[in-house]
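Chemist: Sequence:
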Amino acid sequence: MGNPRLWIGLLVTIAFLGLLVLRVDVGETVRRLGRANYVFLLPGLGLYATAVLGRTLRWRYLLLPLKGVGLGRLVPVVVVGYMANNLLPMRLGEVVRSYYVGEREGVSKAAAFATVVVERVFDGLALLFFLVVAAAFLPVAGLVKGLGETTRVPWPILAGGTVLSFVVVSGVLLWGSRGPAAWTRLAALVCRPLPARWKGQVVGLVDLFATGLSTLRNPGRLAAVFLLSVPVWLAEAATSYVIALGFGLEAPLGGLGGMATAIVAMTAIANLATSLPSSQGGVGPFEFFAVATLVLLGVEAEVATAYVVALHLTLLVPVTVVGLVYLWVGKESLLRLMRLPPMAAKASAAEGRVASGPVPREELP
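The sequence shown lines up with residues 21 to 385 when you count with our numbering.
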């Protein structure tokens, strides 16, 4: 409870949920939740399980330059990572996932973390691609302007900030994919003021991180990662679409076809809004931007809010429960995964290894 990152996440959640509550009739929202047809949750859960499996396949592909890991062994790691993301702020679940796969499979945790960063970048690119496709059927520019008015943030800043963040990160990763030498030079420059013993260790860890970016050196593998990302998000959008049927969203959105386009746009916008580290499971930003998108497209605020609450619970609760079960069956502790082994405990051994070259199994800083 003394961790400031926890409180930052909670404050983000409270702020966005507070903004949402001020815009809707809470009593009517509860009534709309009671009238929904929850039979559609079952196929929705099946589609979301497909999305998780697709994410696991994509990560397995990214990990191949480090080690070939069986799909059956990776699924628990991915689920535990998503469970941790839902319980911890600042996307610390990504660090937990990298650490967990390193413990289970003996791969470099820093290199594994680099593959997770690549995943997140391609998620953003796939979502931006969805918005471009949706623009052929919806007034996406007007939608972005409307979101700017809703959030009281000038729409060029809202749109430009989102796109620019992925462009900058993509550029940095592509630059660093030329090989560890580029990252080593950068790390040596940044770490120049540090004591020699820390400098050597940081540079060694950066080398390992660069190893995880080896996928980016091959244009064919880049295209493959993007192509794997598109069906992953299509499966998640399909989850949202099926659950929307239980709330009758096809009527205000212009039929089943219109609802499909609207759900794709909502999926892209809501998940882009949660792409930056913030609250646990994206709770707050996801609800606010998903509801705002649907309202701008013609859905009643209370109906949109009821639907988004049910949808987000469907996306968060089952994977969190399964992740906790995986930890329990494996006799593992989330608290232990959160407390990564102290660097000080292995400092003397690590210094010697890093000084002599890259450390295949060094811990994340």
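Be a bit skeptical, because a hint or two may be false.
[Stated by the list, open to error] Have a look at the derived ranges for each label pair, beta carbon to beta carbon:
hint : residue 1 : residue 2 : range
1    : Lys87     : Val46     : 48 to 58 angstroms
2    : Tyr58     : Trp348    : 24 to 34 angstroms
3    : Ala69     : Phe246    : 20 to 30 angstroms
4    : Leu209    : Gly274    : 33 to 43 angstroms
5    : Gly126    : Leu77     : 19 to 29 angstroms
6    : Arg51     : Pro239    : 25 to 35 angstroms
7    : Arg51     : Phe157    : 25 to 35 angstroms
8    : Arg241    : Arg51     : 47 to 57 angstroms
9    : Arg237    : Ala155    : 25 to 35 angstroms
Since the hints were derived computationally from the structure, they do not count as laboratory data. All C-beta atoms in this analysis are idealised placements derived from N, C-alpha and C, irrespective of residue type, glycine included.
Chemist: Taking the earlier hints as the rules, which of them does this structure contradict?
Modeler: Numbers 4, 6 - these are the hints that the structure violates, sorted from lowest upward.
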